[in-house]
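J.: Listed here are the chains, written in short residue letters.
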Amino acid sequence: MTIRATIIGQIKNVAGQQGKTLAPLHDELPLLESGLDSLCIAIIVAVLDDKLGLDPFSSAAEAPFPVTLGDFISLYEAASV
Amino acid sequence: MRQLLSNQRSLWDLVAAAGLPARRFIADANGKMELAQLDGGTTLDIDLEACRDRAVVIFVGQQRAAAVAAVELDGVARRIVLCPPDLSPEYLPFVIAKSEAQILLTDRADPVSVNDGTLSVSRCGLPVARTGLAPVREARSEWLLFTSGTTGQPKMLVHNLASLTGPLDDGPHVMRDAVWSTFYDIHRYGGLQILLRALVGGGSMILSESSETVAAFLQRAGDDGVTHISGTPSHWRRALMSNAAHRITPSYIRLSGEIVDQTILDALRQAYPSSEIGHAYASTEAGVAFDVRDGRAGFPARLIGDPHAKAEMRIQDGSLWIRSSRVAWGYADSNSALTGEDGFIDTGDMVVLRGDRYYFVGRREGIINVGGRKVHPEEVEAIINQHSGVQMSLVKARPSPITGAIVVADIVLKAGQSFDAIQHEILDYCRASLPAHKIPALLREVSSLDVSVSGKINRNA
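If you're matching them up, the sequences are chains A and B in order.
Heads up, the first sequence is in our numbering, so the first residue is 1 and it goes up one at a time.
Heads up, the second sequence is in our numbering, so the first residue is 1001 and it goes up one at a time.
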């Protein structure tokens, strides 16, 4: 499964568990307008750390603050190479 | 109870003494009001004189309504009980009984199911009505605030205007017409501190609204000309991840309520190059202890043991102890001592010394701080352990770059149980009785947990 597919899958999973309604997902969607709150994003980041072995938030020299879903996915794709 | 200090004036007297030019306002998502309107005006649906020497419970979601009601009541009411908006109504009778309240100000339709007729229920937050009156405000009102780490039955702490405004006199050099804002809710100590800074310091206040997106809030704060703004590191991470961080250009940014790391300080420095950035340490029990503005995480070791500091600090058994006039007067609902014999209060926040600075490393008793909201592991374990397939569980923090920490659980199952089969049931148990931030984000099956000779789970294993 690609990183993108894993991330999208986890976003849907966590939103379902947390009872959040997701906006239609596309790369330009601002993350904080997706229906996910900070807690959801924190959980997604933890799950992706376990599933992908990637935590671009903690490993980067400078803390990333992705604004859109596309930014978020790019962070993980960049961290995997 | 300690002796009351100076003959301090009421909150409204302090607001008025700072001046009431038309530019001073208090705003939330529902609108804006000039503070001068309160001079000879009221937002209460009850005659202020009916509140004189009474205990008044404010149970109102809208922050501006609650803030203005408290301003009107200080110096008139005997007690002002500021309920957090997420207080479960089932505890309201307890709060009313403990505070001996005779008046309830609320915006809820049916807040108390049982009212024996001694409680007068009224509203606040109405459009300002002219009274032309200048009520006498000479009472030393007690302010009852709720601690943020409450499990089950709420715990109330007694402050008064002197202990609440104690931290303000050495605050940042605030220009007189500062426009303050905070991501916090002013029903709790952290937010109330900011409101008081605005009110007493001659400034204005922009309040947040729980239903508002962070982008909408920042846009509104920017439009209203915010100059000073505070929040937790989690609030600020959210702000930086919104597409609206640039909507504000504050001269002062303040962080508190969670451990402040270098990463968030550096990120804010980059996003707001012309702002002064500071972080403060405060708790509902101990008040504000210090305010650090050198751009570095932790605090200088020289602050410890300085007997001339407004808040004295010492390190004992690895945790930070504080003594100051800003410490709460005591618990409203128990006789348990808040401070030791010598007046120091143990914050339970553990620190380590690295070089010339102390750094916070977490809570002694394992309380988990999820984006500024506290979680007692035992409370979550108790729910998990209700499942018949669970033998024991350990709830702990997992560090999170987004919320500081999230809650995770290690679970030992009884023989013959399948983790895959019951993990959803365990989460359903949690969802049925816990708010979202307390529900374990991740469950893990473990074969055993380390139990000490005294029979307690070893939380540091």
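The set of hints was computed from the structure by calculation and includes no laboratory data.
All of these numbers come straight from a predicted model, not from anything done at the bench.
Backbone N, C-alpha and C define an ideal beta-carbon position, used for all residues, glycine too.
Among the clues, some could well be false.
Claimed, not checked - Label pairs and their calculated CB-CB ranges:
hint, chain 1, residue 1, chain 2, residue 2, range
1, A, G35, B, A1109, 26 to 34 angstroms
2, B, G1040, A, G70, 52 to 60 angstroms
3, B, S1447, A, D27, 21 to 29 angstroms
4, A, S59, B, R1176, 40 to 48 angstroms
5, B, V1128, A, S58, 30 to 38 angstroms
6, A, G35, B, S1120, 52 to 60 angstroms
7, B, G1040, A, D27, 37 to 45 angstroms
J.: It remains to establish, for every hint, whether it holds in the given structure.
T.: The hints, checked one at a time:
Checked against the hint of 26 to 34 angstroms, the C-beta distance between G35/A and A1109/B comes to roughly 29 angstroms, which is consistent with it. Range check, G1040/B to G70/A: Cβ separation about 55 angstroms, and the 52 to 60 angstroms hint holds. Between S1447/B and D27/A the beta carbons are some 43 angstroms apart, a value that contradicts the proposed interval 21 to 29 angstroms. In this structure, S59/A and R1176/B meet the distance hint of 40 to 48 angstroms, their C-beta atoms being roughly 45 angstroms apart.
Separated by about 50 angstroms at the C-beta atoms, V1128/B and S58/A break the suggested range of 30 to 38 angstroms. A hinted range of 52 to 60 angstroms is violated for the C-beta pair G35/A and S1120/B, which are about 42 angstroms apart. Separation of G1040/B from D27/A is about 56 angstroms and departs from the stated range, judged on CB atoms against 37 to 45 angstroms.
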